[in-house]
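Participant: Sequences listed follow chains A and B, in order.
For the first sequence, full-length UniProt numbering begins at 1 and goes up steadily by one.
For the second sequence, full-length UniProt numbering begins at 1 and goes up steadily by one.
Wrong hints could be hidden among the right ones.
Stated by the list, open to error - No more than 27 Å apart at the CA atoms, straight line, and that leaves these computed lysine-lysine pairs for DSSO-like: (1) 195/B - 108/A; (2) 246/A - 225/A; (3) 68/B - 237/B; (4) 195/B - 114/A; (5) 102/A - 237/B; (6) 108/A - 95/A; (7) 246/A - 288/A; (8) 195/B - 95/A; (9) 195/B - 94/B; (10) 225/A - 251/A; (11) 95/A - 114/A; (12) 251/A - 288/A.
Hint data in this document are derived by calculation from the structure and do not stem from the laboratory.
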Amino acid sequence: MATVSVTDISKTYPNGAQAVRPASFDIADGELIVLVGPSGCGKSTLLRMVAGLEDITTGDLRIGDRVVNDLDPAERDIAMVFQNYALYPHMTVAKNMAYGLKNRGASKDEIAAKVTEAAEMLSLTPLLDRRPSQLSGGQRQRVAMGRAIVRDPALFLFDEPLSNLDAKLRHQMRVEIRNLQRRLNVTAMYVTHDQVEAMTMADRIFVLNAGGIEQIGTPSEIYRKPASTFVASFMGAPPMNLLNGKADGGKVHIGESAVPMPCADGSVLLGIRPEEVAVSQMGTIPFKLTLIEELGASRLLHGTVAGQDFVVNAPNDDTALAEELMLEFPANALHLFDAETGKRL
Amino acid sequence: MKRAAFSQPLMPVALLMPQLIIIAVFFYWPAWEAIYSSFFLQDPFGFGSNYVGADNYTRLAKSSEYGKVAGFTLFFTVVVTFLSLGIALLLAVKADKVIRGAKTYRTLLMWVYAVAPPVAGFLGGLLFDQNIGPITDLFAFFGYNLQIGLNYNDTAFAMIVVSVWKQIPVNFIFLLSGLQSIPVAVREAALIDNKSGTRRFWDITFPLLAPTAFFLLIINITYALFDTFGVIDIMVKGNPASNPITLVYKVYTDGFRGNDLGGSSAQSVVLMVLVLLLTVMQFRMLERRIHYT
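Next up, chain A with everything else stripped away, as it sits in the complex (with noise of 0.2 Å):
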């Protein structure tokens, strides 16, 4: 258990390439952070910079109250689970979970007892003597998380660990970890680019972008006021709707139709959510109905409001709709972007 501190830290291939720009961060103590961003977007970089897999540019890395930055993957006591879960082929599982353990010194009765545990913990006891080949892909995962477990470490790690998991597992192992990790009350920095697991899981996420953390809050400031619309439009399903429009005294015009929105003039976009459209006869705002995409509880209304593309998120109540509807746009519901920064106004 330990606080993370970062500060101005950055990745600079040798080739010039900048994988990670200057961040600065704290992640407090027992608290799970997730690392969300689209592939490429530096968010593994930065979790292995801070497991020591990769070196770090400039910047200080403190674990606890230690810059580990110079020390070995193993002396940073923590623990990383890695997506296709990297357990040791030729070990047995009990063997996968205490090795870490070994090469720390730790007495065989020590190793015996904290590998029961996990184990127990995991519900991996009955299968302690069996090779990684012998298991199941969800198996394998609560070795992986084993393995992290039994060392005890100041942070947890987790690389994309449940990517390669079929949806339902994936939804049971996300609720597994995140219980375990509550239950530990360990840190940990969760890297993965599926903005549910990202929602769901976290503390406090940041959002990367282009090797730049874009925002860094709890999932509901995130949902609630993103920072701009890259993030808008990452976090979310779907995405939430953005249309060019035109702020003047006081309104923002969209096409023919006006929402009142105090700013200054000048190009801006509008953003709202699917879900928080409502369609309604009392609407001001005309859409024209292109495809229907049912999800049973509600369905999609997939369309144009002014020309540009729409999607509504409706309550299913089974009516037949019209091809041109009129929307209301709560204005509490509203966005407002810089059209040219993408920032939030």
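With the hints as your guide, set chain B onto chain A.
Facilitator: Positioned in the frame of chain A, the structure of chain B alone reads:
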């Protein structure tokens, strides 16, 4: 398993024939001849042969000279196998770590592989040449007079050096590709679990390399036993009596220079049995222990 159906019953036989004929002509026939003639004593001038039962074999068992050659063969095989595998492993581990210019570096290390065995033997012969050999010169510089073909130990030394040199690239290629097929994440997991690079190598890398290493072990034993003929032939300089030779070379000298075809055949049969045992061992072991996935 998928079974192909042939409408003509003779078709599969015809398709198999070329392979079967080749095996029969080049393996079973000579093997049978060797076994057959190992029970006869041939007249040195080729005027006929007498059936002598197992005499050729008992003669071998009693021969102190055969024992001596077998002893040297064992020593030679162990040393050549150990050194060529060991050095290749060291090179492969180091080459695996090279990041910049890795391709050039690897190509340079594999180069010797492209040298044909007889040429390699010839090159080795030149390196150890009494008059112009650079290695001979090097030893002379340190005050030692290296006498290949005259001094038993010197000849053994040269044989081993050239044989090892020739075999290293083969081992290197296999071991390097073996190392590179170990998943990066597994090595990284080990990096987090264990601080010591040496321990990581023996605990994680080497066991995962074991299937490759075991395959190479058999290949190298076979190489040292049989494929070093050319090197030995060059090093003994036509004087096998006072120089170290291996069992295979003795088959040749006894059979073709000593004209003792019966005795030579008996030796061949002994070697055949040896190869058979090695092969059985290889299949058994490969099937059983060393595969994980």
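Participant: Decide, hint by hint, whether the structure agrees.
Facilitator: Results of checking the hints against the structure:
The hinted pair formed by residue 195/B and residue 108/A meets the criterion: a straight-line CA distance of about 19 Å does not exceed 27 Å. Between residue 246/A and residue 225/A, the direct Cα distance comes to roughly 21 Å. Compliance with the 27 Å bound is thereby established for this hinted pair. Distance restraint check for residue 68/B and residue 237/B: the Cα-Cα separation of roughly 20 Å lies within the 27 Å cut-off, and the hinted pair is therefore satisfied. Proximity of residue 195/B to residue 114/A is assessed by CA-CA distance (about 21 Å); at most 27 Å being required, the pair is judged to hold.
Between residue 102/A and residue 237/B the alpha-carbon distance is near 57 Å, which puts this suggested pair outside the 27 Å criterion. Distance hint between residue 108/A and residue 95/A is fulfilled; the C-alpha atoms sit about 12 Å from each other, no more than 27 Å. Proposed proximity of residue 246/A and residue 288/A is supported: the alpha carbons are some 21 Å apart, at most 27 Å. A C-alpha spacing of about 17 Å is found between residue 195/B and residue 95/A, which places the hinted pair at or below 27 Å, so the restraint holds.
About 18 Å separates the Cα atoms of residue 195/B and residue 94/B, which keeps this hinted pair within 27 Å; it holds. Simply put, residue 225/A and residue 251/A have alpha-carbon atoms about 20 Å apart, close enough for the 27 Å limit, and the pair holds. The suggested pairing of residue 95/A with residue 114/A holds, with an alpha-carbon distance near 12 Å, which does not exceed 27 Å. Distance restraint check for residue 251/A and residue 288/A: the Cα-Cα separation of roughly 22 Å lies within the 27 Å cut-off, and the hinted pair is therefore satisfied.
Consistency note: the structure conflicts with earlier hint 5 alone.
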